[in-house]
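Engineer: For the protein sequence lines, the chains are A and B, in the order given.
Heads up, the first sequence is in our numbering, so the first residue is 19 and it goes up one at a time.
Heads up, the second sequence is in our numbering, so the first residue is 19 and it goes up one at a time.
Please keep in mind that the hints were generated in silico from the structure rather than gathered at the bench.
Misleading hints may appear alongside valid ones.
[What the hints assert, rightly or not] Beyond 10 Å from chain A on every Cβ pair, some chain B residues (computed):
#	residue
1	SER20
2	ASP39
3	ARG49
4	ARG148
5	GLY218
6	ASP229
7	VAL232
8	GLN308
9	ASP341
[Unchecked claim] FRET-style restraints, in silico, Cβ to Cβ:
#	chain 1	residue 1	chain 2	residue 2	range
10	A	SER151	B	GLY170	14 to 22 Å
11	A	LEU193	B	SER20	35 to 43 Å
12	B	ASP118	A	LEU193	46 to 54 Å
13	A	HIS54	B	ARG307	24 to 32 Å
14	A	ASN191	B	GLN255	20 to 28 Å
15	A	SER110	B	HIS169	33 to 41 Å
16	B	ASP118	A	PRO316	18 to 26 Å
17	A	MET57	B	GLY170	57 to 65 Å
18	B	ASN191	A	SER248	26 to 34 Å
[As the list claims (entries may be wrong)] Covered by chain A, per the in silico footprint, the following chain B stretches (three or more residues, Cβ under 8 Å):
#	region
19	104-111
20	171-177
21	185-192
22	197-203
23	271-278
24	314-325
Each residue gets a CB set at the ideal place from its N, CA and C atoms; glycine is no exception.
Protein chains: 2
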Amino acid sequence: MSALAIGIDIGGTKVAGGVVDHAGRVLERARRDTPHRSMSPDVVENTIVEVVGELMSAVPAGGTQQVVAVGIGAAGFVGADRATVVFAPHLSWRHEPLRDALSRRVAVPIFVDNDANAAAWAEWRFGAGRGESHLVIVNLGTGIGGGFVIHGKVQRGRFGIAGEFGHMQVVPNGLRCECGNRGCWEQYASGNALVREARGLILARSPMASDLLVHVGGDAGALTGPLITSAAQAGDQTAIELLAEIGGWLGVGIANLAAAFDPGTFVVGGGVSAAGDLLLDPARETFRRQLPGRGYRPEADIVVAELGNEAGLIGAADLARIDLGSSG
Amino acid sequence: MSALAIGIDIGGTKVAGGVVDHAGRVLERARRDTPHRSMSPDVVENTIVEVVGELMSAVPAGGTQQVVAVGIGAAGFVGADRATVVFAPHLSWRHEPLRDALSRRVAVPIFVDNDANAAAWAEWRFGAGRGESHLVIVNLGTGIGGGFVIHGKVQRGRFGIAGEFGHMQVVPNGLRCECGNRGCWEQYASGNALVREARGLILARSPMASDLLVHVGGDAGALTGPLITSAAQAGDQTAIELLAEIGGWLGVGIANLAAAFDPGTFVVGGGVSAAGDLLLDPARETFRRQLPGRGYRPEADIVVAELGNEAGLIGAADLARIDLGSSG
Chain A
19 MSALAIGIDI GGTKVAGGVV DHAGRVLERA RRDTPHRSMS PDVVENTIVE VVGELMSAVP
79 AGGTQQVVAV GIGAAGFVGA DRATVVFAPH LSWRHEPLRD ALSRRVAVPI FVDNDANAAA
139 WAEWRFGAGR GESHLVIVNL GTGIGGGFVI HGKVQRGRFG IAGEFGHMQV VPNGLRCECG
199 NRGCWEQYAS GNALVREARG LILARSPMAS DLLVHVGGDA GALTGPLITS AAQAGDQTAI
259 ELLAEIGGWL GVGIANLAAA FDPGTFVVGG GVSAAGDLLL DPARETFRRQ LPGRGYRPEA
319 DIVVAELGNE AGLIGAADLA RIDLGSSG
Chain B
19 MSALAIGIDI GGTKVAGGVV DHAGRVLERA RRDTPHRSMS PDVVENTIVE VVGELMSAVP
79 AGGTQQVVAV GIGAAGFVGA DRATVVFAPH LSWRHEPLRD ALSRRVAVPI FVDNDANAAA
139 WAEWRFGAGR GESHLVIVNL GTGIGGGFVI HGKVQRGRFG IAGEFGHMQV VPNGLRCECG
199 NRGCWEQYAS GNALVREARG LILARSPMAS DLLVHVGGDA GALTGPLITS AAQAGDQTAI
259 ELLAEIGGWL GVGIANLAAA FDPGTFVVGG GVSAAGDLLL DPARETFRRQ LPGRGYRPEA
319 DIVVAELGNE AGLIGAADLA RIDLGSSG
């Protein structure tokens with residue numbers, strides 16, 4: 019029997035699940051919208067159980083390949099017990115015993131991790147970070163998720179909460195963040211930041227935004243990150259500038275992380291990374307200008323993630339499969 | 019024969035050396051002023067060789083205890099080869115082959131490390147960080163040095179340059195730093211920052227600074243960090259406020275590092291840490307206000323270093339002794 023694992027990536031907007039094999043291939047897929055944060059934790063759990071059930075039933079019973087574990091990658095602070103979401107800036111969880119709640123409803127062992135840790139693991143095992151001894155991942159989605167893999171180990175910190183790069187302050191008294199602070203990096207370099215800035219241009223009735231407004235049929239509220247990215251790819255100058263602004267802030271934070279960690283490679287993932295070099299070239303330029311000792315020291319590569327939106331679920335599944343093996 | 023090692027700590031203002039035993043005790047001491055950065059690298063090397071010579075001659079030849087290695091802790095970016103100082107914001111070194119240059123003039127093996135890495139190691143082995151699985155040290159001296167020890171290993175990064183926390187940007191377009199950038203953390207939370215702010219008050223002819231000015235006989239240029247600290251300890255309100263301002267910025271940066279690394283303990287060392295809780299209480303207060311997820315997550319302790327000014331030389335010596343053993 020070949021061991022499969024289900025990975026579930028719970029982000030600010032989507033719950034994405036997949037059946038993943040030992041080589042990181044996604045054999046089956048399922049997804050739902052993330053219940054709004056005003057909903058109780060139960061509602062999110064129901065959604066997860068639904069997705070797991072759908073995926074389980076897609077794997078033929080009695081076949082040569084069976085699902086042995088479920089890995090959850092959650093957009094929140096996961097405790098060192100790998101069971102509890104202690105805090106989630108974009109969800110309603112506070113000290114949520116996610117693993118135990120799900121274990122009562124799912125037949126195989128469950129492992130919980132931070133979504134960006136899971137994505138970092140996937141990119142190191144199967145993606146853009148293969149072979150890198152000191153890898154940092156920066157995931158630009160609703161906010162910024164982060165993770166790092168040093169010498170083949172996910173670094174989770176003393177309390178399990180390492181990698182919350184998005185909540186490093188880059189602007190004193192800056193924009194208010196959902197975490198309760200001000201000036202967090204993710205307020206300047208994330209999908210939310212991109213959409214907020216574009217809508218801001220529209221609300222200011224800037225003629226710079228008129229082409230973007232046409233893209234969304236005159237409804238600023240309908241503007242999304244992917245729409246801005248596709249407009250930029252089609253040559254819209256304003257969309258290109260908006261991505262460059264986000265990219266510049268990305269470079270500032272990456273230079274800070276390079277000063278602290280000195281990794282060999284930064285992998286930039288998450289939805290916004292679909293913009294590719296329209297995002298990364300401005301990031302690289304700012305990074306090179308901000309890096310202390312630049313010109314005298316080796317510099318990290320900044321590359322786009324290879325596993326796209328599926329890094330989180332692939333990594334969560336792979337970590338669960340491996341952790342089951344080492345605990346069994 | 020019992021193995022001793024010499025540790026040399028090369029900071030922005032002092033070259034401090036000591037003969038250190040296996041328990042981290044300093045048996046002999048020697049020190050010189052750091053040659054000004056306008057001097058050639060040779061001059062710093064001559065100073066190091068002088069200090070080593072003085073310490074060597076203090077250990078009786080043919081005795082039961084002999085010096086087997088020299089460890090250098092340098093206030094600069096040390097390459098992964100542990101031999102080259104690739105860049106030093108406060109010294110004249112650029113790609114300086116420090117180990118080889120010294121090896122020609124010193125009879126025992128030499129190991130080069132970053133001064134704050136050495137201090138982090140010393141505090142983990144013998145000081146305030148004993149037993150901590152995830153330790154971060156923040157050394158406030160001329161600038162800010164940093165280091166971290168995870169599960170008993172100094173983390174040096176992919177290129178050897180990890181821990182340059184002082185050059186993380188905390189203020190966009192902020193104060194110019196010696197590293198060439200703007201807004202670096204060490205421009206707001208270091209000994210230099212403390213003295214600059216105090217002198218600024220004096221130059222602005224603020225009545226708030228009149229007591230401080232008396233302390234230095236009317237000469238603002240004679241003001242030093244230790245003088246400000248002792249004034250604060252004697253109850254001078256302005257000196258207390260200046261330390262609180264530095265401490266507040268210290269807390270901002272520590273919250274950023276906690277978001278990224280999630281250590282269990284921060285050890286604050288370096289000259290400014292002599293101010294103790296006058297510095298650390300404001301740092302703790304800001305840290306608690308800035309930490310994302312505060313109230314829902316375990317929080318790191320912020321404690322003062324135990325080995326004081328000698329952490330760097332003790333750590334450099336101990337790392338050299340241990341590295342000699344593992345390479346021999």
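Engineer: The structure should be examined with respect to each hint, and the outcome stated for every one.
Structural biologist: Status of the hints after comparison with the structure:
With a least CB separation of 34 Å from chain A, SER20/B remains clear of the 10 Å interface cut-off, as annotated. With a minimum CB-CB distance of about 31 Å to chain A, ASP39/B clears the 10 Å threshold, and the non-interface call stands. Every Cβ of chain A is farther than 10 Å from the Cβ of ARG49/B; the closest lies at roughly 27 Å, confirming the non-interface assignment. No beta-carbon of chain A is positioned within 10 Å of the beta-carbon of ARG148/B; the least distance is around 15 Å.
Consistency note on GLY218/B: stated as away from chain A, and its beta-carbon is indeed over 10 Å from all of that chain's, at 18 Å minimum. Listed as a non-interface residue, ASP229/B keeps its Cβ farther than 10 Å from every Cβ of chain A; the least gap is roughly 29 Å. For VAL232/B, the non-interface assignment is confirmed: its Cβ lies about 33 Å from the closest Cβ of chain A, beyond the 10 Å cut-off. The claim that GLN308/B is not at the interface with chain A is violated, since a C-beta of that chain comes within 10 Å of its own (minimum 6 Å).
With a least CB separation of 18 Å from chain A, ASP341/B remains clear of the 10 Å interface cut-off, as annotated. Between SER151/A and GLY170/B the Cβ separation comes to about 18 Å, which falls inside the hinted range of 14 to 22 Å. Here the CB-CB span from LEU193/A to SER20/B is close to 59 Å, at odds with the stated 35 to 43 Å. A hinted range of 46 to 54 Å holds for the C-beta pair ASP118/B and LEU193/A, which are about 50 Å apart.
Evaluation of the 24 to 32 Å hint for HIS54/A and ARG307/B yields a pass: the beta carbon distance comes to about 28 Å. Evaluation of the 20 to 28 Å hint for ASN191/A and GLN255/B yields a pass: the beta carbon distance comes to about 25 Å. Roughly 34 Å separates the CB atoms of SER110/A and HIS169/B, a value that falls within the hinted 33 to 41 Å. Our hint of 18 to 26 Å for ASP118/B and PRO316/A holds, since their Cβ atoms are close to 19 Å apart.
Checked against the hint of 57 to 65 Å, the C-beta distance between MET57/A and GLY170/B comes to roughly 44 Å, which is inconsistent with it. The hinted range of 26 to 34 Å is satisfied by ASN191/B and SER248/A, whose Cβ atoms lie roughly 33 Å apart. Under the rule that three or more residues need a Cβ within less than 8 Å of chain A, the assignment of the region 104-111 of chain B holds, with 3 such residues. Counting residues of the region 171-177 of chain B whose CB lies closer than 8 Å to any CB of chain A gives 5, which reaches the minimum of 3, so the coverage claim holds.
Requiring three or more residues with a Cβ within less than 8 Å of a Cβ of chain A, the coverage given for the region 185-192 of chain B holds, as 6 such residues are present. Coverage of the region 197-203 of chain B by chain A holds. Counting CB-CB distances below 8 Å, 4 residues qualify, and the rule asks for three or more. Only residues whose C-beta sits within less than 8 Å of a C-beta in chain A count toward coverage, and the region 271-278 of chain B has 5 of them, enough to reach three; the restraint holds. Judged by the Cβ-Cβ criterion of 8 Å, the region 314-325 of chain B is covered by chain A as claimed, because 4 of its residues qualify and three suffice.
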